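Student: Single-letter residue listing:
2 protein chains.
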Amino acid sequence: MDDILEVIRSRRSIRQYKKQLPGDDEIERVLEASRWAPSGLNNQPWRFLLIKDKEKKNSLAKFTKYADIIRDAPVVILVCMDTGESYNRDKDLMAIGACIQNMLLEAAALGLGACWLGEILNKKQEVSEYLKLDEDLELMAAITIGYSDEDVTEGCRKSLKNLKIELKK
Amino acid sequence: MDDILEVIRSRRSIRQYKKQLPGDDEIERVLEASRWAPSGLNNQPWRFLLIKDKEKKNSLAKFTKYADIIRDAPVVILVCMDTGESYNRDKDLMAIGACIQNMLLEAAALGLGACWLGEILNKKQEVSEYLKLDEDLELMAAITIGYSDEDVTEGCRKSLKNLKIELKK
Chain A
48 MDDILEVIRS RRSIRQYKKQ LPGDDEIERV LEASRWAPSG LNNQPWRFLL IKDKEKKNSL
108 AKFTKYADII RDAPVVILVC MDTGESYNRD KDLMAIGACI QNMLLEAAAL GLGACWLGEI
168 LNKKQEVSEY LKLDEDLELM AAITIGYSDE DVTEGCRKSL KNLKIELKK
Chain B
48 MDDILEVIRS RRSIRQYKKQ LPGDDEIERV LEASRWAPSG LNNQPWRFLL IKDKEKKNSL
108 AKFTKYADII RDAPVVILVC MDTGESYNRD KDLMAIGACI QNMLLEAAAL GLGACWLGEI
168 LNKKQEVSEY LKLDEDLELM AAITIGYSDE DVTEGCRKSL KNLKIELKK
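Heads up: the protein sequence lines correspond to chains A and B, in order.
Be aware that the first sequence starts at 48, since it is given in this note's numbering, and climbs by one per residue.
Be aware that the second sequence starts at 48, since it is given in this note's numbering, and climbs by one per residue.
Honestly, I wouldn't trust all of these hints.
No copy labels: a pair is met if it fits in one copy or bridges any two.
[Unchecked claim] List time: in silico DSBU-like cross-link candidates among lysine-lysine, alpha-carbon distance up to 30 angstroms:
1) K211 - K65
2) K216 - K171
3) K205 - K66
4) K65 - K112
5) K205 - K109
6) K112 - K211
7) K171 - K103
8) K170 - K101
9) K66 - K170
10) K65 - K101
Worth flagging that the hints you see were computed from the coordinates, not collected in a lab.
Here the structure is a predicted model, which means the values were calculated and not measured.
Chain A on its own, in the form it takes in the complex (with noise of 0.2 angstroms):
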């Protein structure tokens, strides 16, 4: 099958979106997709706060300096990491990330557009009090999601040759 690396390679990071909400069975699927990344010990650590409120994105909005991409954006997924069943915080953050990953990719294949933001991480601290979020919540990213009002653009990515390790002799 070749549409995985397709999807892989043509994915780009989509911060302007139509007006359009993508249906609520899409981001299911999107969220479908998230739950079956690997973890260590399987201990899927990740957790979902679905944001499609305007007042609630306008506030979160404040919290990061990429405030018109979530302001703007019809759906906004906070993904936190779940401190309290956290075994190891190395292993947690890359399985979040593979999570995140197939969120990303979902919403591709969906034909949606979407953006990882992590800027908004330096007020992690200010979202979780603003959100009333569990204390074991950490925040991790903001996913934005919607229909792509973007031209398309080329990736960019350093070539295989220079990140693969030579052993010395």
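Starting from the known structure of chain A, arrange chain B on it as the hints suggest.
Tutor: Frame of chain A; chain B shown alone:
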């Protein structure tokens, strides 16, 4: 497109492999998928060390209690973080998780089995010394790849209901 969600859901950790070697072109595709993961500031902190040599696999196997998986897998890919290119450890770890997930999904799409091994990180310093890795390279995971010699099994994940955060009033 429905295929990605199907691959995401049906992929399993495969710990027993047939002797048959995956093709070099297949392993290149797996690495190609990996390098297209997203990362903060597009810093691409992942680096890959491909190991097929029997003697090296046997030596590497001594650093983990899952020795037989590493010994018997036709291909082992060590994924490292280039800490010299790191800008935020949490985000870089998540990016590497996304990169590994691409690897696992592309392997599954190609009909290959793979396993993400993290236990070897308990001996990451010793692995580093054995392989004489540059000091900027920090081991993050060992990924074993080959044709599955296991029966298909059911996966098990928490339900979405248990992963969704409900906001307090």
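Student: Does each hint fit the structure? Answer for all of them.
Tutor: Each hint, compared with the structure:
1. Taking the closest pair of Cα atoms, K211 and K65 come within 30 angstroms of each other only across two copies (26 angstroms); inside a single copy the shortest separation is 40 angstroms, beyond that limit.
2. Only between protomers do K216 and K171 lie at most 30 angstroms apart by alpha-carbon distance; the minimum there is 20 angstroms, versus 46 angstroms within a single protomer.
3. Neither within a single protomer nor between protomers do K205 and K66 lie at most 30 angstroms apart by alpha-carbon distance, with minima of 34 angstroms and 32 angstroms respectively.
4. Taking CA atoms no more than 30 angstroms apart as the test, K65 paired with K112 passes inside one copy only; the shortest distance there is 21 angstroms, against 51 angstroms between copies.
5. Taking identical chains as interchangeable, the C-alpha atoms of K205 and K109 are never at most 30 angstroms apart, the minima being 34 angstroms within one chain and 32 angstroms between chains.
6. In this assembly of identical chains, the alpha carbons of K112 and K211 lie at most 30 angstroms apart only when taken from different copies (26 angstroms versus 35 angstroms within one copy).
7. Within a single copy, K171 and K103 get their C-alpha atoms as close as 16 angstroms, which meets the 30 angstroms cut-off; across copies the closest is 43 angstroms, which misses it.
8. Taking the closest pair of Cα atoms, K170 and K101 come within 30 angstroms of each other only inside a single copy of the chain (20 angstroms); across copies the shortest separation is 48 angstroms, beyond that limit.
9. Taking the shortest Cα distances, K66 and K170 sit within 30 angstroms of each other inside one copy (27 angstroms), while across copies they are farther apart (51 angstroms).
10. Taking CA atoms no more than 30 angstroms apart as the test, K65 paired with K101 passes inside one copy only; the shortest distance there is 15 angstroms, against 54 angstroms between copies.
Comparing the model with each earlier hint shows violations of hints 3, 5; every other hint is respected.
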